[in-house]
Amino acid sequence: MTTTLLEVDDLRHTYRTRQGDQTVLDGINFDVQRGEFVSIVGPSGCGKTTLLRTLSGLLRPTGGTITLSGNVITGVPKGLAMVFQDYRASLFPWRRVGANVEFPLLGRVSKAERRARTLESLSAVGLADAADKYAWQLSGGMQQRVAIARALAMRPELLLMDEPFASVDAQTRSDLEDLLLRVREQFDMTILFVTHDVDESVYLSTRVLSLSKAPTVKTADVPVPLTFPRDQIHTRENPSFVETRSEVARLIRQASPGGLAAAAGAH
Amino acid sequence: MESSRPAVLTASKSIGPISPPGETGSRIESTRGARANERTVVAARGVAGVLCFLALWEVVARYDLLPRDVLPPASTTLVHAAQLLGDRSFLGQIGSTLWAALLGYVLALAIAVPAGLVLGLSDRLHAATATVVELIRPLPPVGLVPLLVLVVGQGIEMKAAVVALGCVWPLLINTIHGVHSTDGTAKATARSFGWSRGTVAIRVVWPSAVPSVLTGVRITVSVALILCVGAEFIGGSRDGLGSWLLQQSMLPGGIDTVCAGVVVAGALGLLVNGAVTALERRFAAWAHREDS
Ligand SMILES: Nc1ncnc2c1ncn2[C@@H]1O[C@H](COP(=O)(O)OP(=O)(O)OP(=O)(O)O)[C@@H](O)[C@H]1O
Ligand SMILES: [Mg+2]
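So the protein sequences, as listed, match chains A and B. The number in the numbering used here is simply the position in the first sequence, starting from 1, with 43 added. Mapping the second sequence onto the numbering used here, position 279 (from 1) lands on 259, and the numbers just tick up by one.
Among the hints, a few may not be true.
What the hints assert, rightly or not - Simulated coverage check for chain B against chain A, where a stretch passes if three residues somewhere in it have a Cβ under 8 Å from a Cβ of chain A:
| hint | stretch |
| --- | --- |
| 1 | 118 to 130 |
| 2 | 154 to 166 |
Said to hold, decoys possible - Below are the DSS-like pairs computed for lysine-lysine, each with C-alpha atoms no more than 27 Å apart in a straight line:
| hint | chain 1 | residue 1 | chain 2 | residue 2 |
| --- | --- | --- | --- | --- |
| 3 | A | 154 | A | 176 |
| 4 | B | 167 | A | 176 |
| 5 | A | 121 | B | 167 |
| 6 | B | 167 | A | 154 |
| 7 | A | 154 | A | 121 |
Read the hints as simulated data drawn from the structure, not as lab findings. Even glycine gets a Cβ: it sits at the ideal position worked out from N, Cα and C.
The task is simple: from the sequences and hints, build the whole structure.
This is the structure:
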């Protein structure tokens, strides 16, 4: 029934800088099945952004292979869209909202199709009225919705998101989480979501991967035993939610420097 | 190279067209009406400034604070200037200067903008050419006039060459600066669309660089006029505003005509500047937005 969309095999990356080499990814392995929502959590600086950049083909890893829909990735693959944390810099300020959303489709689909998809995507994020504004005239949460709409317009099989909700306030963040779960159903996407918020990872996902500090390996692969649709109040009260979030939090603590030392001392 | 960057930045800040000085601190409603009002106020201040200047000039001349044969009164000069605008031969001279300046300027743009894009995009080429550019750049274009006269004569080619030599470097440096200031996330976003580097350059890097290129244009357009007149002066051109001024200054009582000619030239500079401001409003307004 399930088919594998993404296979990551012994992925390694070493940054070569003037100060010396720094190994960030030290052999990462995981698969993502179609339809999954996988969150990746890990301490700051462990290489989550580096991982997403290699998966999106923006950065060529120094080792290992990434396979998307059976094809080994060598550049930016088709069927993939990326949402960046820095929505301000990711939206082009000289283009209006609608023009930003259709931008990736230029030269690829007809004008009528572009217009239809732009409207559909903006409606899906509740911003159909904002098409003629400039992104910088909108609030932060609205800007990130524009970035999501643009990703939707690309009709990706796999959506990569790098801490997309890290710079908005708590209420906006909850709204954006629920919006993301809605459009995931509507557009039938597989999502790989980086966050350092444990609650968020459990609330959104079908599975949570946790990473160690650099040089980084995968330390855990935790399925989330919760059904959809999820609800900000009820899901978070659910004993399974509480249990899973505690487990993930424990795993992250063990992966952080203090946690490792404590674990070694207890050994 | 490093030292030139802050200068470019200050230039773009201090003469940015939309936020007038003193009002940057307060957040202004960016509605059309407010913008228009703001513009009217700025224009009114400008007119007031000009009137004060003219009044001062008139007083200085009328009460002979400076000798009459050095500075005729403002009123006389303005009337004279108005007469000049009806004078076909004078207009011909202006036209000749403008044509040469335009030619030189287009040449400068045609070299600086593509070269700036390429050098901005390729660090290797940039490093390879930086020393040569720094070596040639400080050469004063007007100082090259004698050499240019020998090579291409005293005509329009010489004038255009002086203009191009003077304008090409600020245009080049501002274009490179614009390319360099393209946001890294913006480029990464564009590449995540699956676009090639060439497509990213055309669709993202170029639009990002446009405001900086226009800052370069603003800095250089009036310089182009000045250089052209200077080249006519020094190079002994037979036509153009520079040679006209030189001839008039040698006639008895010619100082009146010279002053009037200078006023017309100043007004011309103002017009050109206005055109650049309009361009910036149209193509670089987003770079002067108030969102942060
Ligand atoms: N272009 C680069 N060149 C050299 N080192 C880099 C580069 N990008 C990232 N690094 C280093 O690699 C490590 C991992 O960075 P990365 O941004 O992937 O971490 P992250 O997990 O996304 O962190 P955060 O949670 O703070 O976003 C860091 O130590 C960082 O300094
Ligand atoms: Mg990161």
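Now the hints, each set against the structure:
1. 118 to 130: violated (count 0)
2. 154 to 166: Result for this restraint: holds, n = 4.
3. A:154 with A:176: Roughly 20 Å between the alpha carbons, so the hint for residue 154 of chain A and residue 176 of chain A holds.
4. B:167 with A:176: holds, 22 Å
5. A:121 with B:167: It holds: about 18 Å lies between the C-alpha atoms, which stays within 27 Å.
6. B:167 with A:154: Roughly 24 Å between the alpha carbons, so the hint for residue 167 of chain B and residue 154 of chain A holds.
7. A:154 with A:121: holds, 20 Å
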